[in-house]
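Undergrad: Residue numbers (the working numbering), protein chains in the order written: chain P, 1 to 311; chain U, 1001 to 1266.
Just so you know, the hints here were simulated from the structure itself, not pulled from any lab data.
Careful: at least some of the hints might be erroneous.
[What the hints assert, rightly or not] In silico lysine-lysine, DSSO-like type, Cα no more than 30 Å apart, as pairs:
| hint | chain 1 | residue 1 | chain 2 | residue 2 |
| --- | --- | --- | --- | --- |
| 1 | P | 84 | P | 122 |
| 2 | P | 60 | U | 1057 |
| 3 | P | 61 | U | 1096 |
| 4 | U | 1143 | P | 60 |
| 5 | U | 1143 | P | 61 |
| 6 | P | 263 | U | 1057 |
| 7 | U | 1057 | P | 50 |
| 8 | P | 50 | P | 122 |
| 9 | P | 78 | P | 144 |
| 10 | P | 61 | P | 167 |
[As the list claims (entries may be wrong)] In silico contact screen, one side only, chain U against chain P (beta carbon under 10 Å); selected entries:
| hint | residue |
| --- | --- |
| 11 | 1046 |
| 12 | 1050 |
| 13 | 1053 |
| 14 | 1055 |
| 15 | 1056 |
| 16 | 1059 |
| 17 | 1060 |
| 18 | 1063 |
| 19 | 1066 |
| 20 | 1067 |
| 21 | 1248 |
| 22 | 1252 |
| 23 | 1255 |
Heads up, the beta-carbon is just placed ideally off N, CA and C, and yes, glycines get one too.
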Amino acid sequence: AAAGLCPCRALLGGRRGALRALVRPARGLAAAKETHFGFQTVSEEEKGEKVYQVFENVAKKYDIMNDSMSLGIHRVWKDVLVHKMNPSPGTLLLDVAGGTGDIAFRFINYVRSIRERQLQQKLKHHQNLSWQEIADSYQKEAVKPLGDSQVVVCDINKEMLKVGRQKAQHLGYSEGLSWVVGNAEELPFDDDKFDVYTIAFGIRNVTHIDMALQEAYRVLKPGGRFLCLEFSQVTNPLLSRLYDLYSFQIIPVLGEIIAGDWKSYQYLVESIRRFPPQEEFKAMIEDAGFLKVDYQNLTSGIVAIHSGFKL
Amino acid sequence: HPGAGGSRSPGPRALSAGAVRPRHAGRRAAAEDGAAEEQEGCCQLYPGHIPTSPLQKALLAAGSAAMALYDPYRHDMVAVLGETTGCLVLPNLRDKMKHDPEGYRILRERPRIRLSTLDVNRLRGLPDGTLGREYTRFLEDNKVSPDTRMPAKFVDDEELAYVIQRYREVHDLMHTLLGMPTNMLGEVVVKWFEAIQTGLPMCVLGAAFGPVRLNARKLRVLTTELIPWAIQSGRNANCILNIYYERRWEQTVESLREEIGIFSPP
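Pulled out of the complex, with its shape left as it was, chain U reads as follows (with noise of 0.2 Å):
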């Protein structure tokens, strides 16, 4: 497929072959520069994006899975299988996100969450039991920061890419109203909780990989108890990603629970 890889070097080439060789290489350089800077200022659609040809998507798919695996610890291979699967499953989000006024606002404002824009101080002095609160002592506990998050570079569509990025700035938020930690089993059971939510591939295979480096009795919790929670919950709960979290952190977590739908935890 002849696509945005292919397109780089045929045509300066072109343009170039066939001419005497010595000195030439001025003039070829200009030419595959004009070529290559165009494309990458028309492919280029946001900040940090990496334009990319089908058959690469597919190989940093199938690899950033592998990886993934081999290595749990490379969350940004995760972040890329995200991307480089959710191509058919984002649009959908997006439209989930458009047709709810909540989401629609999100989208226009595009709120992130991040440490410079958090007041954490504040948040930190609510109430315990508000989600301001339970927050950031998620992050403190977990020793985690909404700032680790990787930026998308592999959407080819700048709305969505900020779906992508919202879904991923929200995770944290998923830790704390289900009340999971971030060891490999609370992970798991966001995933199964997100899987059903977005229907994101990464998550689908996050939830069913995920597992395989579990012990027996975890397991066990793992398919009696926390599964069927995560998953009635998923079903029965609105999209995550229509709530506009920045101007619910006074809310209590129970609340929001109710309010979107989720059961409490076991």
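Next comes chain P alone, as it looks inside the complex (with noise of 0.2 Å):
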């Protein structure tokens, strides 16, 4: 019965809707400053607060739902993520909102196969020289798998990289890894860092977005790059209906079922619609100082990677 006034309740509330629209800023101009959470308003606290309860409440379960909302597919698209980082061996990456550690795996990783690579090459090389000369020159430099990459998992809340260090300890990831608290809108480093700055599918939760840009403007090196992957607009008008439909009836069917919490998958899908689309976001990357700005949309734009340069 509830489900079938709703339409007729929604058409008169659109037209109140744009009263009260009219009225807030009024309200707003004594009150604290509002921002959005999903659907509902807020203020700016109240929303970095609420933020940290979503994902404190998702964080033991955040990957086994990311692997059943997308069906697997969001391994893809952080995977397509660091195959264009291509990060060569002693690239130094900031991950931030990096909680569970996707991203600074796959950065390893990577890493590490370039690394045995130019190893394999340089044997190669090598197969000339005599027994005691290759012996020697084992001693001469170490290893080093990693070759001095190293990435640093930034996250803002505390749950997320406990789940990250535990999983980086059950996969065997040990060096190259440290693990930082810090805030992606003042982040605890000093200027001009780090070689490659990544936020994946965290940039969307953070309530001043432009000052996260700027943050991320300062911590990197000149020429280094900013990469961010997060969920986009649908360009296809029918995917975008049947993405809504699934968005909205499914996914917190399964945030409730498998994680046994409801809100914070609503308040997912409410904050990708309320996220910038491509070219606006395009825009405020170039505002905050990087040049050379593109995007690149996946799966028709349900996820972008934006990708910038500190020149």
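Once you've looked at the hints, go ahead and assemble the two chains, each given alone in its own frame, into the complex.
TA: So, in structure tokens, the structure goes:
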């Protein structure tokens, strides 16, 4: 019965909502600054707290929910991000909002395989040396499986970092990995430090996206690269409707069944709708000072990878 | 079916479709916000209520049933199953309560069984054999608390949400009256009794599928002694939701059993 009533109420609600939107700015001058939390309106301070709670609640089931909701496709998206990054050994990566470590682990795997190939090439060149000379060369330099590459995983949420550290231990990642608690709007790092800055599925949860972009610009070295993997606007209208149907009907149900948490996943699908579309986000990145900003749509725009350089 | 889930997106999107994208996100957000807020406001009938479309209810019912079987410790899944499948049966239960003087009083006064409202020390001090004493003994022996009951989320009627909440809170008292512990065997027996009493599909499913996880010896005891007794008692007894338990702590369990019509446990 409630479902049947809703469309009519929504029509009326639209008009009332518009009136409320006119009234709200006047009220807002006296009250704290407001922002969105999914489809709700909250104060900026509240948003930070609510987002923290969401990720605190979902941390343990985060990975399994990602697999269920995206049918495993999120792994492909993250692989594409790291391939696009194409890091060489010696790269220093900062992965912000990197909680459970998905990007960090892929980075390490990628660099490790490049390094292995490098070492193999070197061996081939050494084939004409004598046994003694080859043995000496081993002692001269340590093998360094990562080749001095490092990744710093920074996240505001301690629970997510905890899950990430446990995962790292479980999967056998130890060197080249650091876990730091930090806020994307105010990073605990010095200027001009990192070669690459990534933020995967994190920036839409930040209260002040422009501040996060400015911080990204600050901590990158000159010549450094900014990469953002985030949900975006679907270009195809038919797919868009299917995607909306799937997002609003299925995903909260999955959240309730698998994680026992409807509201967090309701927030998730709503926050995706609130995030600026590709071109608008590109403009925001340019505003922060990045150059050669571009984006690549994946899966018809369900996600997009934005890239920019500090030059 | 363009119900609750569908009305959230097409409306706001229709308003913003075709408009210039940059700088429009703010207006689009406000319009969406208005429509969604209105919808949340009108459809949220009680605190904790999550409005759901028929499709979502069906998916929840199927998913919660599967998850409850897979992981019996997910009590929240049993609760969700009860809410999503109970829509046909709950009105009957509510009417049964309305037609009974004590049940009608419960519906009006809406008592809740919670540690904050119960005076546990006083109940513990009551003589052995009374409802209050046996109930507290049951809570202590099985290390359970009445506060762990999930509030109703997916029932689309405020009074029916209370009915199912009352059923959940009375469940522990059922254990006490039937003398069944909270192990798998005891729970199955109580489910059989409740299935006969309430007709809730969740109880029927629990009664039917619960025994799957029992070993052969327990199954034998279950089928030969416990289930027949549970069915007979269930049929004979008055509606268990019509008893104002909070006013009967001093009554002995025996006399309460006789009054309701539950036979002595084997």
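Undergrad: Would you mind marking each hint as holding or not holding in the structure?
TA: Verification of the hints:
1. P:84 - P:122: This hinted pair holds, its Cα atoms lying about 25 Å apart.
2. P:60 - U:1057: Given pair residue 60 (chain P), residue 1057 (chain U) holds - Cα atoms ~26 Å apart, limit 30 Å.
3. P:61 - U:1096: Answer violated: residue 61 (chain P) to residue 1096 (chain U) is near 42 Å, above 30 Å.
4. U:1143 - P:60: 26 Å, holds
5. U:1143 - P:61: Judged against 30 Å, a Cα distance of about 27 Å means the pair holds.
6. P:263 - U:1057: Distance ~16 Å between residue 263 (chain P) and residue 1057 (chain U) Cα, so the pair holds.
7. U:1057 - P:50: 27 Å, holds
8. P:50 - P:122: 52 Å, violated
9. P:78 - P:144: Holds, at about 25 Å.
10. P:61 - P:167: 12 Å, holds
11. 1046: 12 Å, violated
12. 1050: Nearest chain P Cβ about 6 Å off; hint holds.
13. 1053: 5 Å, holds
14. 1055: 6 Å, holds
15. 1056: 5 Å, holds
16. 1059: Check passed: Cβ of residue 1059 (chain U) comes within 5 Å of chain P, closer than 10 Å.
17. 1060: Interface hint status for residue 1060 (chain U): holds (5 Å vs cutoff 10 Å).
18. 1063: 4 Å, holds
19. 1066: Since chain P brings a Cβ to about 8 Å from residue 1066 (chain U), closer than 10 Å, the hint holds.
20. 1067: 5 Å, holds
21. 1248: 34 Å, violated
22. 1252: Where the cut-off is 10 Å and the nearest Cβ of chain P is about 39 Å from residue 1252 (chain U), the hint is violated.
23. 1255: Violated, about 41 Å.
Hints 3, 8, 11, 21, 22, 23, counting from the list given before, are not met by this structure.
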